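Colleague: The chain contents come next:
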Amino acid sequence: MVGAAATVWPLVAQMNPDAATIAAGAPIQVDLAPIAEGQDIKVFWRGKPIYISHRTKKQIQEAQSVALSSLPDPQPDSARVKAGHDQWLVVIGICTHLGCIPIAHEGNYDGFFCPCHGSQYDSSGRIRQGPAPANLAVPPYAFLTDTKIQIG
Amino acid sequence: MSGPSDFQPSNPALKWIERRLPIFGLIHSSFVAYPTPRNLNYWWTFGAILSMMLALQILTGVILAMHYTPHADLAFKSVELIVRDVNYGWLLRNMHACGASMFFFAVYIHMFRGLYYGSYKEPREVLWILGVIIYLLMMATGFMGYVLPWGQMSFWGATVITNLFSAVPYFGESIVTLLWGGYSVGNPTLNRFFSLHYLLPFVIAGVVVLHVWALHVAGQNNPAGVEAKTEKDTVPFTPYATIKDAFGVSCFLIFFAWFIFYMPNYLGDADNYIPANPGVTPAHIVPEWYYLPFYAILRSIPNKLAGVVAMFSAIIILCFLPWLDSARTRSSKYRPLAKQFFWIFVVVCILLGYLGSQPPEGIYVIAGRILTVCYFAYFLIVLPLLARIETPRPVPNSIADDVLAKSKGRPQPMVSTMIAIMVAGGLVFAGSIQSAKAEEGGDAPPAQKWSFSGPFGKYDRGSLQRGLKVYKEVCSACHSLNYVAFRNLADPGGPGYSEAQAAAFASEYKIKDGPNDQGEMFERPGRTADYFPAPFPNEQAAAAANGGKAPPDLSLMAKARSYKRGFPQFVFDFFTQYQEQGPDYVDAILQGFEDKPPAGVTVPEGTYYNKYFPGHAIKMPKPLSDGQVTFDDGSPATVKQYAHDVTTFLMWAAEPHMEARKRIGMQVFFFLVVFAILMYFTKRKVWADAH
Numbered sequence: 001m002v003g004a005a006a007t008v009w010p011l012v013a014q015m016n017p018d019a020a021t022i023a024a025g026a027p028i029q030v031d032l033a034p035i036a037e038g039q040d041i042k043v044f045w046r047g048k049p050i051y052i053s054h055r056t057k058k059q060i061q062e063a064q065s066v067a068l069s070s071l072p073d074p075q076p077d078s079a080r081v082k083a084g085h086d087q088w089l090v091v092i093g094i095c096t097h098l099g100c101i102p103i104a105h106e107g108n109y110d111g112f113f114c115p116c117h118g119s120q121y122d123s124s125g126r127i128r129q130g131p132a133p134a135n136l137a138v139p140p141y142a143f144l145t146d147t148k149i150q151i152g
Numbered sequence: 153m154s155g156p157s158d159f160q161p162s163n164p165a166l167k168w169i170e171r172r173l174p175i176f177g178l179i180h181s182s183f184v185a186y187p188t189p190r191n192l193n194y195w196w197t198f199g200a201i202l203s204m205m206l207a208l209q210i211l212t213g214v215i216l217a218m219h220y221t222p223h224a225d226l227a228f229k230s231v232e233l234i235v236r237d238v239n240y241g242w243l244l245r246n247m248h249a250c251g252a253s254m255f256f257f258a259v260y261i262h263m264f265r266g267l268y269y270g271s272y273k274e275p276r277e278v279l280w281i282l283g284v285i286i287y288l289l290m291m292a293t294g295f296m297g298y299v300l301p302w303g304q305m306s307f308w309g310a311t312v313i314t315n316l317f318s319a320v321p322y323f324g325e326s327i328v329t330l331l332w333g334g335y336s337v338g339n340p341t342l343n344r345f346f347s348l349h350y351l352l353p354f355v356i357a358g359v360v361v362l363h364v365w366a367l368h369v370a371g372q373n374n375p376a377g378v379e380a381k382t383e384k385d386t387v388p389f390t391p392y393a394t395i396k397d398a399f400g401v402s403c404f405l406i407f408f409a410w411f412i413f414y415m416p417n418y419l420g421d422a423d424n425y426i427p428a429n430p431g432v433t434p435a436h437i438v439p440e441w442y443y444l445p446f447y448a449i450l451r452s453i454p455n456k457l458a459g460v461v462a463m464f465s466a467i468i469i470l471c472f473l474p475w476l477d478s479a480r481t482r483s484s485k486y487r488p489l490a491k492q493f494f495w496i497f498v499v500v501c502i503l504l505g506y507l508g509s510q511p512p513e514g515i516y517v518i519a520g521r522i523l524t525v526c527y528f529a530y531f532l533i534v535l536p537l538l539a540r541i542e543t544p545r546p547v548p549n550s551i552a553d554d555v556l557a558k559s560k561g562r563p564q565p566m567v568s569t570m571i572a573i574m575v576a577g578g579l580v581f582a583g584s585i586q587s588a589k590a591e592e593g594g595d596a597p598p599a600q601k602w603s604f605s606g607p608f609g610k611y612d613r614g615s616l617q618r619g620l621k622v623y624k625e626v627c628s629a630c631h632s633l634n635y636v637a638f639r640n641l642a643d644p645g646g647p648g649y650s651e652a653q654a655a656a657f658a659s660e661y662k663i664k665d666g667p668n669d670q671g672e673m674f675e676r677p678g679r680t681a682d683y684f685p686a687p688f689p690n691e692q693a694a695a696a697a698n699g700g701k702a703p704p705d706l707s708l709m710a711k712a713r714s715y716k717r718g719f720p721q722f723v724f725d726f727f728t729q730y731q732e733q734g735p736d737y738v739d740a741i742l743q744g745f746e747d748k749p750p751a752g753v754t755v756p757e758g759t760y761y762n763k764y765f766p767g768h769a770i771k772m773p774k775p776l777s778d779g780q781v782t783f784d785d786g787s788p789a790t791v792k793q794y795a796h797d798v799t800t801f802l803m804w805a806a807e808p809h810m811e812a813r814k815r816i817g818m819q820v821f822f823f824l825v826v827f828a829i830l831m832y833f834t835k836r837k838v839w840a841d842a843h
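Protein chains in written order, with my numbering: chain A, 1 to 152; chain B, 153 to 843.
Quick caveat, the hints were computed from the structure, so don't treat them as lab data. Fair warning: there could be bad hints in the mix.
[Unchecked claim] Within a straight-line C-alpha distance of at most 30 Å, the following computed DSS-like cross-link-like pairs (lysine-lysine) qualify:
1. A:Lys42 / B:Lys229
2. B:Lys621 / A:Lys57
3. A:Lys148 / B:Lys229
4. B:Lys701 / A:Lys58
5. A:Lys42 / B:Lys771
6. A:Lys57 / A:Lys42
7. A:Lys48 / B:Lys814
8. A:Lys48 / B:Lys771
9. A:Lys42 / B:Lys701
[To be verified] For each label pair, taking beta carbons as the anchor points, the in silico distance ranges come out as:
10. B:Gly758 / A:Ala13: 46 to 52 Å
11. A:Ser78 / B:Leu226: 29 to 35 Å
12. A:Lys57 / B:Lys662: 52 to 58 Å
13. B:Leu348 / A:Met1: 33 to 39 Å
14. A:Ser78 / B:Ala529: 54 to 60 Å
15. A:Ile22 / B:Leu233: 55 to 61 Å
16. A:Ser78 / B:Gly671: 29 to 35 Å
17. A:Thr7 / B:Val355: 30 to 36 Å
[Said to hold, decoys possible] Example chain A residues on the side facing chain B (calculated, C-beta under 8 Å, incomplete):
18. Ala36
19. Gly38
20. Lys42
21. Val43
22. Pro49
23. Lys82
24. Phe113
25. Gln129
What you are looking at is a predicted structure, and each value in this text was computed from that prediction instead of being measured. Cβ coordinates follow ideal geometry from the N, Cα and C atoms, glycine included.
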């Protein structure tokens, strides 16, 4: 029994990401200085698109003022951005429904719109409408300086 | 497979083998002497058709694998090179790609036949379940095969389908990472899909052997649904069933050939001629037509996990069919209510397929929910209930009685009606993808007259040569033409240049080569083996020079663009062989620029108004103006003429072997029709004494 499990394990484990893939998934640093207010950039980390949005005052205000009880996946805006860096939203641009890439600055909520099955996210990347079950994921990241972050 | 055979070969060599391995006896008892009910109709030939399709898919697949490269950077190109450079590669690829659709088409008919005639009922439950397993394996194989060309739809289809597993509670993400072999769909995913796509057909073949074995143990069901009792009820498999199957197969091949030679892209998606791009999602992700009903079920349920569960249940429920439907009468022929509900169910499936191809919004979502309920209600409510309340009509005493009654009674109009409904339904179903794949918005491009349309279409040489000139003098400043080599200019079915002319044309280009012995790159004049050089060294440079958006490669442009045809247009398209959405669109875009947007419409800065571009704001400035290119043959130097010629040229660039395809298609058709007619008369002669 143990022998069989031990034999099967390598046969299954080989399917997981290999060493090179894991190494390539190391943290990356992104300079935020060139991103003007209201703009956003898309960088790739571990093959996933990451949206970094420089939110406008209006977007921040909208994100903070919405009643949590009205959200399908309640989460305050403060839990989705780093304290003191309210203007920066960093989210993984993969729809939590079936993995398409939502389009920034589209939809009814000043956030993201997924063209595949119509999910809409707000300016905090939270799901507001459509079949997606959860908010856009926030990748692990930290501010190195005020204008530089490390993702991963 | 029905007991020890009394078959004795007369040849001493065969005798020698037979005593040691009774394989000839097995074949003889299974496929020659095997008693088959004498009242089988043509719906029963689909078993043979499916066996043939499986063999054909394995054969063409093994050959394609010899030329294919399963690498994320090379897969798309290797498929294009198969189509362009491998001898008859276009034929093999079309056979394999259309073959998958035909395989599913046949399997759906086979399944509906089993459903209608109660072929899943005692004692054929295991036979039926093995069939469901084959169907599941086919779905997995088909899905992974669709990923291999590594186009946009391949990539995003793979992303959406593998993400279904992320709905699993707790382990979802880990399972998906395990499937991908990375953090997103990528090269490891492609590699393993290729490996499995190669493996699974052989697994299917293995299960098919079990399926046939189970069939030969229980014996075939038949339209009357009564078991064969006496010799009079059956005829030997050979020649009776063999010749009937051969006729069925040859008719099916005619249908198949229509797609291979004339409509190779009808069932495909234009987006799959765009190489996979992890950074851009197509506006509308649609799976292949044969998955659409299940896709519709998935999307109609607002909860992700429940949607995935419902989708898989829709297939798994088939395994329980023998116990859900406990009615004693097998054939729906004798079940007045079951018959009606069966046809309602068929319509429900077709409509679900249609909805699967539509955008998930508004009325489509509501309709999807209603039909999903209908789908499950058929299995869970209607069938169990009917078994209790329905009074079936009396079934014939024996198959012989059934045949006798039929030959005396009225001719049955039902089969022909059913064929008509099936074909119409299949078209709605299959063709609905056409309406879905186009970008929404924008006026429909006007249909142009193309020399290359229709079954006898040929490229207009003059137009190709002028189009090449337009490409060279205008388009090539920004757009690459990566898959076209200078040698292609002298290929048969192309612009009709000689080898020397192609060489002279090539030598006007500077091609980067190297490194030389000093390790340096250098430039040399082009040779015919070289490809058209790209205007920019890489995509980033192209994007930087063009306002942030790289001009797309034009090699496949005429096949990679399309527009919504809508219902019922796409049904007519099947018969008229209309395949020119791409050229119509490209031509319209080139002529659709307007200096001033209509009142009330503004386009963002850096974009231009184009009447036919979806959203109307195109990054490309108006490329053509009157008098820009002069033609030697006196053709008018107008935008209209330029657009027409360069589109013809791009169609050739996308489909260089089209003339060979249509020419060979005509020969194949002629052969198949004659063959089918001969088969029909042979079959009549063989069966003359059996009726």
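Colleague: None of the hints should be skipped; say for each whether it holds.
Modeller: Hint check:
1. A:Lys42 / B:Lys229: Within the cut-off at roughly 27 Å; holds.
2. B:Lys621 / A:Lys57: Violated. B:Lys621 to A:Lys57 sits at ~53 Å, over the 30 Å cutoff.
3. A:Lys148 / B:Lys229: At roughly 39 Å apart (the allowed maximum being 30 Å), B:Lys229 and A:Lys148 break the hint.
4. B:Lys701 / A:Lys58: holds (29 Å)
5. A:Lys42 / B:Lys771: holds (20 Å)
6. A:Lys57 / A:Lys42: Distance of about 21 Å is within 30 Å: holds.
7. A:Lys48 / B:Lys814: Judged against 30 Å, a Cα distance of about 43 Å means the pair is violated.
8. A:Lys48 / B:Lys771: holds (26 Å)
9. A:Lys42 / B:Lys701: The given pair, whose Cα atoms are some 14 Å apart, holds under the 30 Å limit.
10. B:Gly758 / A:Ala13: 46 to 52 Å: holds (50 Å)
11. A:Ser78 / B:Leu226: 29 to 35 Å: Since the Cβ atoms of A:Ser78 and B:Leu226 sit about 47 Å apart, the hinted range of 29 to 35 Å is violated.
12. A:Lys57 / B:Lys662: 52 to 58 Å: At 53 Å between Cβs, range holds.
13. B:Leu348 / A:Met1: 33 to 39 Å: Violated, at about 28 Å.
14. A:Ser78 / B:Ala529: 54 to 60 Å: Hint violated: Cβ distance 47 Å, outside 54 to 60 Å.
15. A:Ile22 / B:Leu233: 55 to 61 Å: violated (33 Å)
16. A:Ser78 / B:Gly671: 29 to 35 Å: violated (57 Å)
17. A:Thr7 / B:Val355: 30 to 36 Å: violated (21 Å)
18. Ala36: Constraint on A:Ala36 not satisfied, violated at 15 Å.
19. Gly38: violated (14 Å)
20. Lys42: Holds - the Cβ of A:Lys42 comes within 8 Å of chain B, reaching about 7 Å at its closest.
21. Val43: violated (10 Å)
22. Pro49: With a closest approach of 6 Å, the A:Pro49 hint holds.
23. Lys82: violated (23 Å)
24. Phe113: violated (11 Å)
25. Gln129: violated (11 Å)
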